[in-house]
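So the protein sequences, as listed, match chains X and V.
Residue numbering for the first sequence follows our numbering, starting at 39 and increasing by one per position.
Residue numbering for the second sequence follows our numbering, starting at 39 and increasing by one per position.
Everything labelled a hint here was simulated from the structure, so no lab data went into it.
Positions of the beta carbon are idealized from the N, C-alpha and C atoms, including for glycine.
DMTMM-like, lysine to aspartate or glutamate: derived pairs with alpha carbons at most 20 Å apart:
(1) X/318 to X/447
(2) X/318 to X/453
(3) X/49 to V/157
(4) X/49 to X/302
(5) V/49 to X/157
(6) X/318 to X/380
Footprint (simulated), chain X over chain V, 3 or more residues, beta carbon under 8 Å:
(7) 69–80
(8) 199–205
(9) 359–369
(10) 460–467
There are 2 protein chains.
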Amino acid sequence: MTNDRRQAGFKQRTRVAEARSTLLDATSPHGRSETVPLGDADGRVLAEPIDAPVPVPGYDRAAMDGYAVRAEDTFGASNRSPAVLRATAREGPVGPGEAARVHTGSDLPAGADAVVMIEHVEEVGDEVETFDAVAAGENVGAAGEDVAEGQRLYGPGHVLRPSDLGLCKSVGIESVTVHERPEVAVIPTGEELVQSDPEPGQVIETNGLTVSRLVERWGGVPRYRSIVTDDEQSLAAAFERDLDADVVVTTGGSSVGERDLIPEVLDDLGEVLVHGVALKPGHPVCLGVIEDTPVVCLPGYPVACIVNAAQFLRPVLKRVAGTTTEPFPTRRARLDRKIPSEPGTRTFARVRLTSDGEGVEDADADAGGEDAEGDAAREVAHIATPTRASGSGVLSSVALATGWVVVPEPREGLDAGELVDVQLWEVTP
Amino acid sequence: MTNDRRQAGFKQRTRVAEARSTLLDATSPHGRSETVPLGDADGRVLAEPIDAPVPVPGYDRAAMDGYAVRAEDTFGASNRSPAVLRATAREGPVGPGEAARVHTGSDLPAGADAVVMIEHVEEVGDEVETFDAVAAGENVGAAGEDVAEGQRLYGPGHVLRPSDLGLCKSVGIESVTVHERPEVAVIPTGEELVQSDPEPGQVIETNGLTVSRLVERWGGVPRYRSIVTDDEQSLAAAFERDLDADVVVTTGGSSVGERDLIPEVLDDLGEVLVHGVALKPGHPVCLGVIEDTPVVCLPGYPVACIVNAAQFLRPVLKRVAGTTTEPFPTRRARLDRKIPSEPGTRTFARVRLTSDGEGVEDADADAGGEDAEGDAAREVAHIATPTRASGSGVLSSVALATGWVVVPEPREGLDAGELVDVQLWEVTP
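Chain X extracted, bound-state conformation (with noise of 0.2 Å):
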């Protein structure tokens, strides 16, 4: 087969998300997990759910500023009619006709089931007259009002944010049990590659640094390898030494060039899975799988091993993570000029974002993210402008770009003046 594909090149090539599945399906979570104190798993994955073991909050507790009555007392009190309570110690208990100061957040004393607010009483002595009737439960923030005893709070496999740390800390939770992350070797491959002061004929690596930092991103730790020559032995040993990796990554040779010997060398030592994807830039890629080691050969191509990455390299990370993989985040934004694709392949053009001035009341103004966003009525502030039509070894198509925009397989392009969903693939928090 092999053989075949070099002489023609790839006679058919495997959709993005067969491909994907296909990977996936090869691919099991590592199931390695860790200990970590809360304030330490920003990001990291749950390996275990956890429940509330208490509510919160914990005891009935006074939701404004004012005095914690019984209800029933200030049935029928007005402006013109208060009804006069005696002023009690703040601890309670709070007795028929009486009244004990509180304020936003303290427990409720015993006896009282209702807060009147400060604005509405006049305190007269040891005598407080209330100007405002209330009903049981008016002003009070009940126990397990936020949270209930028991409450599933998050299954295994969801991601910790800062809010989820607050949550957690807030029922007693002091440290949570996550996934260990996993380790991703990336070997960058190719006879032309230096790592710096390229003669001519050589070219600087690059796929293996931005690879590398992808991985951190997306929650694992990259071992980022010495440049491999092309050379069947050199890389037989290459992904011999990472097997104990989660993740194998490759970069170059994953065509079906004279040169491009990564298939081949995946071939005798495991099984390649996919080879050649509908995709572009960068159809040259190569899945496969080596004694479990899922392995993501990318192509040599930097644009085209960018979005290969972005296609199987996270997804796979993210199950072995013991996770799953969320869409990347979007903007909507109109195309300024026309992309043009091919029918039954999945194109990722290169755009870049720029505001169109409308809605938006200034730089400062935009700056919480919410003047240009989140008027609901508004339908787009963005535009979208393709950085270049085309070229998978233009790094600088998307490196100068904010992100991509997909053309689905079934578009034959996408015209000038369409609303898209430009993915934000590399977006800063």
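With chain X fixed as given, assemble chain V onto it according to the hints.
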């Protein structure tokens, strides 16, 4: 003024955009910079522009495997009538009537100006029959095609991403000058707060933890301080200890109640710029400055705290770091219930996103993010369900949500069925 407010609550509330502008106008970039290796620079803010010292590619190179030729020697060649050329050494030069074997990415030998793809030649002894005519420049990547020499790649303030690091490396850059990460003092306040094991009437501190982790995500270095009780001297001492920080943040005590001492302490030590903002949940935020250090006093209710941190702390942190604030990424969704709001107040309604199932082939197919999102032709694939109509104390309404929908000031609520942009303010990469 403070006394008036204590009696009557907030007399007026500043609009979000105006409050933010006021704070940012009083804030300057800290201006400190450091030089770091490229591999450590992901997420860092450039302090100096980056111009390409060399072009990329640095020389004309083959874009395909095949033979380097003088294009004019192939004119008229076809399947029936090949042009017959003499094979010459790979390193060239290529004279008239000659052809040199090249691989994708190798430098074009002197004399050649085009490449005939390997599929279109037949090697016969030391002759090369070419069955295709190529134009000058065909299958050649011209020097500077990706990046021109001297081209401005990034300006100061740009936040570096993995693909940017690759592009920088490709032009021979090995380290970059970036702004130091800003130091942010995070001071939780409140006499009811404890770090663990709450007695009745006590509450576990969560805001400081959550805000510290947000500061990290947003590019800062948090100083997560011990809890400070509600006492003017203690609060003043806490502020003064951290005036060497780039930003000081407090949580709690920012409203107008009897125990809300923060605005008064801030007023004594420096200047209160804004107190009370027309946003919900979370209006009792207080923004100011002490000796040129911006101060963000967040309300103690957890949801109010988080919403205000996103609106005010994030932009001020970005500004001191020397960059600007990008709007949060969003996901387009359809509301499945109405969201109430008050006109004139900007409302942040927490929602949970679920898929509507249409167009999402299966969980794996969705894994790369483009099956659900990439179909520019499809309107929306997500449903947004409000997690809780109100309750600024209800942390679970944020922590169990995917993001929030902003109801802008002019609107009185959003209707069920409306299309909205959900802000993914805590998105996982």
